[in-house]
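All chains, please: the whole structure from these sequences, using the hints.
So the sequence lines, in the order shown, correspond to chains A, B, C, D and E.
Here the first sequence stands for residues 1201 to 1498, where the numbers follow my numbering.
Here the second sequence stands for residues 10 to 320, where the numbers follow my numbering.
Here the third sequence stands for residues 33 to 396, where the numbers follow my numbering.
Here the fourth sequence stands for residues 33 to 396, where the numbers follow my numbering.
Here the fifth sequence stands for residues 627 to 977, where the numbers follow my numbering.
Just so you know, these hints were derived from the structure itself, not from any lab.
The beta-carbon is built from N, C-alpha and C at its ideal position, and this holds for glycine as well.
Do not take every clue at face value.
As the list claims (entries may be wrong) - What follows is a set of in silico ranges between Cβ atoms, one per label pair, in the way DEER data are often shown:
#1 A:R1306 / B:M281: 29 to 39 Å
#2 C:G55 / D:E359: 47 to 57 Å
#3 A:L1317 / C:E142: 32 to 42 Å
#4 B:Q121 / D:E201: 53 to 63 Å
#5 B:R219 / C:W158: 32 to 42 Å
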Amino acid sequence: MAETAPADRAGGRRGRSALLTTALVFPAGLWYVALLVAPLLIVVVFSFGTRATNGGYEPGFVLDNYTRLLQPQRIEPFITSLWMAIAGTIGCLLVGLPLAYFIATRARRRKGLFILLLVIPFWTSFLIRTYAWLIVLGRENLGGLIGDLIGDPDFRILGTPLAVLLGLVYGYLPLMVFPLYVTLERMDRTLVEASKDLGAARWATFRQVTLPIALPGLITGSILVFIPMMGEYVIPSILGYGRTFLMGNALVDAFIQTRNWPFGSAMAVGLILVMLVTITLYVWFVNRGRHGRDVSVL
Amino acid sequence: MSAPAIPVAGPVRAGGRTKAKVDRWNTVVEAWLRGHSAIVYAFLYLPIVIVVLFSFNANRLATIWTGFTTDWYSIALKDEVVLSALRNSFSVALPNAILATLIGTAAALGLQRVPKPVRIVFDALTYVSIIVPEVVIALSTLVLFASGFSFINDLTGLRLQLGIPTIVAAHMLFNISIVLLLVRARLSGMDRTLVEASFDLYASPWRTFRQITFPQLLPAIVAGFLLAFTFSFDDYVITSFVSGPGSSTLPIFIFGQVKRGVTPETNAVATMMLFVTLALLAVGQLALARGARRTGGVQQGGMAGMIAQQR
Amino acid sequence: MDVTKRFGDVTAVDAMRLSVARGAFYSFLGPSGCGKTTTLRMIAGFEQPTAGEIYLAGEPVAGVPPYHRNVNTVFQNYALFPHMNVAQNVGYGLRQRGTTKADETRRVGEALELVRLSGYERRRTWELSGGQQQRVALARALINHPTVLLLDEPLGALDLKLRKEMQLELKALQQEVGITFVYVTHDQEEALTMSDTIVVMHHGRIQQQGGPSDLYERPVNRFVANFIGVSNPIDGKLVEHDPATGRGVVQTDRGLRLTGLVTDPDARPAPGTGVIVAVRPERLRVEPAGHAAPPADGESRVEGRIHQGTYLGDQTEYRVATDVAGEMVVRRQNAAGAAAIMGVGPGDPVVVRWEDSANLILVA
Amino acid sequence: MDVTKRFGDVTAVDAMRLSVARGAFYSFLGPSGCGKTTTLRMIAGFEQPTAGEIYLAGEPVAGVPPYHRNVNTVFQNYALFPHMNVAQNVGYGLRQRGTTKADETRRVGEALELVRLSGYERRRTWELSGGQQQRVALARALINHPTVLLLDEPLGALDLKLRKEMQLELKALQQEVGITFVYVTHDQEEALTMSDTIVVMHHGRIQQQGGPSDLYERPVNRFVANFIGVSNPIDGKLVEHDPATGRGVVQTDRGLRLTGLVTDPDARPAPGTGVIVAVRPERLRVEPAGHAAPPADGESRVEGRIHQGTYLGDQTEYRVATDVAGEMVVRRQNAAGAAAIMGVGPGDPVVVRWEDSANLILVA
Amino acid sequence: SSGGGGGTAAPSGGSEFPPAGDIEKQLFMYNWSDYVNPDNMAAFQAEFGVEKFQYDTFANNEELLAKLQAGATGYDIACPTAEYVPAMVEGGYIQKLNWERIPNQKYINAAFKKQGWDPNDEWQLPKDFGTTGILYRSKLVTEPVTSWQEFLDLAKGKYSGKVVLVDSMGDVFVMPLKMLGKSLNSVDKADLDEARKILLDLAPHVLALDSDTYQDKLASEEAVLCLGWTGPILELRANPDTADIKYVVPSEGSLYWLDTWVLIADAPNPNAAYAWLNYVHDPEVQAAETNFTGYGTPNDEAKKFIDAEVLADPAIFPPDDVMSSLEGAVDTSGNEQRIDIWQEFKSAIGG
Ligand SMILES: Nc1ncnc2c1ncn2[C@@H]1O[C@H](COP(=O)(O)OP(=O)(O)OP(=O)(O)O)[C@@H](O)[C@H]1O
Ligand SMILES: Nc1ncnc2c1ncn2[C@@H]1O[C@H](COP(=O)(O)OP(=O)(O)OP(=O)(O)O)[C@@H](O)[C@H]1O
Ligand SMILES: [Mg+2]
Ligand SMILES: [Mg+2]
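What follows is the structure, encoded as structure tokens:
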């Protein structure tokens, strides 16, 4: 039976629970502050400094780093990355959506297996896998093969944006498939039946019912792949032969090759802001008219 | 059943006509789905096959096949650098996964109970931690550590320096976010009445967590653990920046190797890695399968199922 | 043709033969798992029969996909599209057939009118109560003027009061639009209230079909007798049977001799076959043992003691423990109000009487 | 004290005062959203009252968490733990209080025995039928011998046949263990069948409480009269009222003069107050206009035409369109079988008669 | 000061000059990967009782510098390319060398001392050197390739799209500037404008910018012309399919780079470090290094012990006339104009 003096027991409990809550959240909070907020502050500070004679950071307050961002040859990589990231995202969608649909419509036990098969490749070094593509797409393999097929002796995949795209899709596919799979898997099958029952054929049903309902997963997926693609630099330099020059490469050049940290920081700040804005807009755009049913981004 | 009384309605006759066509349609679509998926999986595994294949290549230039040999494995296994890199990779990835899982899960649980503004801030940060390009976070973190250490060292005469701990710390940022997201997704999908039922049956909050909430969250937690492990096991950029003397991990070794072109040795290392992780996976799978049987197969497909249920 | 559906080794529907008359209200009645939904899904085209052929309006429809069948379904969970508002949901079918926007709006208006939801066009589906959602689902199906409308336990999710109202509404609606309804339920009261014809299913087989009173007053076997209403079963052996009139005499195991009707007209049981005599509770009369009417012929009577009396508002249910017929359930309408029924209470000796015409002899 | 619970501006439970006697079977009856669950959750301790104080066994329990209250709940969706088998589920409560393994096993055995599920210990919860799951939930709660057992629409998910069986079982069980049951339902038949006391709620307020017959025969207001069973409401003005006997005379708007009982003993309506006269359908008699019994005093009668006759198996429901009393619903038990009721059909002129004692005068 | 035993140094000769102070049990080296002969490392550990010889690798000078700039500590020895030494001095990341403790430095050819990056020869001990030049597959490129000009013409002409350049700003600028007869370190605006024209002119014909796997591209004959380093030569030669690889230092002259040993400012194990610095330049030890890395050694004494064909290889040990045409590099990565041109060039390659 209930003990007496409930009031103060309650009070005590409330106090304790507050304590517990902080205890739970604190470590993560600490981490965010120490290893995310602080470094970002450093970046922001750097972005107003100047390059020390031998590279690195020289304290100061100048805006050139930002003004330099607007030079055409600075804008160009950004545009390229934007296109590549968008293309890559669409690629992941075209490849991933049917796959997710396929997995989601398998028998209960098979699903697990297919998902597992999806993860395993990512247990080998990303770098190694990317280099493996060099061999696969090489002239003496796929590249040459296709070349012969279309009768163009010096046809190449490697070193073209196509190769980079392929690398991107390959590298980020699961991040697209997981969220899609989950939403499709949770979707109420009777909705599809209802749609067919009302005279909508397969495609019509997919377009009008399945897709709209899979939308949250679709958004999450797109963002999960789009973001890292913008910052990617290993794939373009390996598969793209450094011919497709992306934001990531520009950042690495600035930070490492020319060691102009202030400029690199400015670039980073710009990039982060742009991405935050794009994503917010994107989410807002897709959520339009879905009253009360907001799509969680991640 | 038949209803001769009803005059034939248009669509039905149409149905009658399209009957054959329709049958094909179903199969066509299904076939296309299968085909597509088959290709995608091939696409995913092709490079792996190549890596394994070329780890037996006699030619030191990975790109050209000259003959079969297993020497590279013995070489790799004798190579002290490789071995220490391997050791480091594990001693980075394992604590990382564990800590990140603990902290991330705790945070996810805590965030249910904090006031909205706090939650919003947290979400925003989680969000940003995933947006920031790796190079940027890597360098700024390095600067942070280095300056912080030199400050402390000058102050206290300690000799703090970069090393495995710093790598772990740096990786955990991203990993915590991932775990946080997974677990929260799971939490939001959880049946609240189970918790109430447990309270109703005299289980204190802590016992309720242990006996009800935790088992329910397990899938998310495991998935988070695996992702965290993979990430920090495979990360190059951040690691290369915040690593210190004697803390180079496998990716760093591989990257250095690559300067001289991918050698079969690197392939051999990668292949061994693959099988090590596969073994781990298999073990986990078995453990979970048993667990699943005990706890009633809530998670179908073991580990895969767990990951499958996420995001 | 006889339609059969198997899932692996489960036979969900077994050699079913049935034809549905136009404009009628059919109910499939049966316990959970008896194959009602499966049958419906085969008609709608979501499942293909393992054997046999289904005809719609005289056309065989094997392989015809749901979206080419002029049949619509109201799903148990309504299956309203969460990303569309009420009007969009209702208009969905029309859009698939390429109706003009204006025409669509008009007919959606009419359909909502029909289900008394005018003005809810812009509502979100999750802002509606169960009953309202149910009506939307109905409108969404009816707007397409299907030759057959299939309803799978459409009222299952509603609370009793609302369910009773909706039953009347549905029935009225069906008479108004004159579309054939095929209605699945496991609630016999529902089936009795609404249907022209009730099809009782069990283990994937049709047990009996007919109008409400046929089923209630002439159940052909134990299952039907039990599933629809309460039957007070008394075991016995058939001693006489006149196939012409259907009259039979049963010697019960505990020494009663009951005259009654062999309900299954096709049954030709050999004398001595084990049978069951069923008597509906409302046909029974209870009287205090003291001043019970004297035995009359053309009626049966047993003695017993009141075991329990339950007040049900408009009725009172007595459970009488008898030696010769086990526990008998008796229902009396409280035609004179509560006061009247206090005559007998638990433990009192009573006499239970009923006319022979109430004896239903079940062979199967 | 009066307990009140608000969610934002929604008042879920409004100034509720109620005390529950030990060992009794209480039912909260009311339409969806009337505050039943909220009340239950406050007793269980999942919600804190906005105002007022709840006492359990004489102790105020404000701020006492659920896990310190000796109250158990059977949840509407059962809330069985999916990752535990039946035995583990049932034993859960005991484990929390540190019962020995052996003792637990024994008592779990007993509890399952009680709900007729012996042998199911190792079963997975999702391998059970709805009825079985329901019993597990029951056993899981009962095994702790709570002072009060709360049940929130425990039978809602079951199909009719099963529901009726479970009703009897539950009732029997309650009498066996002698624990106080507080039972939430929106099915008045269920409430009538099982309860010692029924609490009718509406808009978070108690409308009336009492035994089944009190509520059915003496509903204090329109809501209760309507919610429990069918009332054929006739509008009118009270012209006479004798507070002592409660007898009153009503002049209906359409010129009938009805004598009856003012159901609310505390009501002191001024003559001329608008009231409603309710008559239960089973109290009404329908007779073909031709050979109707001559008017007798002490009874009321109106003329009309059969509008609809619905066969319900054990009963037949007539809807009679009358000029003076609108549409009246009449229920007659088919005491003589279907044949008997064919006497009248739609359109036939009839006379509806009933004793004055059937007139219930509702002031509120 | 460096008295004593001359060239008669035995493999164990290093120990004739026990460095002052007792040698720590560990040594932390930060270096390019595969840049030290493992046998030598083992021998060194055995001889000086260094139990833990930690060999960490960086991918490029910038990474090394970035680390040091950020204040990373804990290494004893690093191995930057010479032009980065001034930056390190300036930043105070490295300490002056005490030549007393590195007697074997006497073997180092004077030509490598007192260069621009270390005028007073205080900070670094030369490790080995190489040149930036042209690699080409002679069985596919039949034309003579002797000068940057020819390289450029072939690259823009017949072998367009079969040309690889190393992804290194400093090295790529060598070509245009030398063609123009300027210093490869020039930061003169006019010079760079000229260079820019030439580079952008070349850009569309380039197959890849790749410092990591260009030998693979040459081997697979995907590329036949390459502006690169001597590194992969030995390997390619070793393989019969690719034995036709040729390396030339263009007649206009080119860059020679020198990798150097430096001692980190707060080296935790200075004695072990000195022990290594001296040990590694023991002629026989150094010879083993050369045979292993395939880069030219500045240590003349060591040549006695180097494999004949390595020694004879002009790609590794250029003849004197070529040597004289070489110019050491200065760190110009800070020059905005160069950076902008480089960016523009990279984007232009995308085509
Ligand atoms: N997809 C399926 N795979 C395997 N068995 C199935 C499947 N669908 C139905 N069944 C089985 O077929 C039988 C009939 O199922 P059905 O759903 O038609 O019953 P029902 O009468 O609709 O029951 P309820 O009243 O509970 O809806 C059941 O035994 C069920 O287990
Ligand atoms: N957590 C809540 N927040 C806001 N309003 C609530 C909440 N819970 C209940 N309500 C409101 O309080 C009122 C009573 O809810 P409650 O669940 O008690 O009704 P109920 O009688 O249980 O209905 P039902 O029979 O459908 O279960 C309803 O109007 C409901 O909308
Ligand atoms: Mg069903
Ligand atoms: Mg409720």
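Hint check:
no. : hint                         : verdict
1   : A:R1306 / B:M281: 29 to 39 Å : holds, 32 Å
2   : C:G55 / D:E359: 47 to 57 Å   : violated, 26 Å
3   : A:L1317 / C:E142: 32 to 42 Å : violated, 52 Å
4   : B:Q121 / D:E201: 53 to 63 Å  : violated, 39 Å
5   : B:R219 / C:W158: 32 to 42 Å  : holds, 35 Å
Hint check: violations occur at hints 2, 3, 4; the rest are consistent with the structure.
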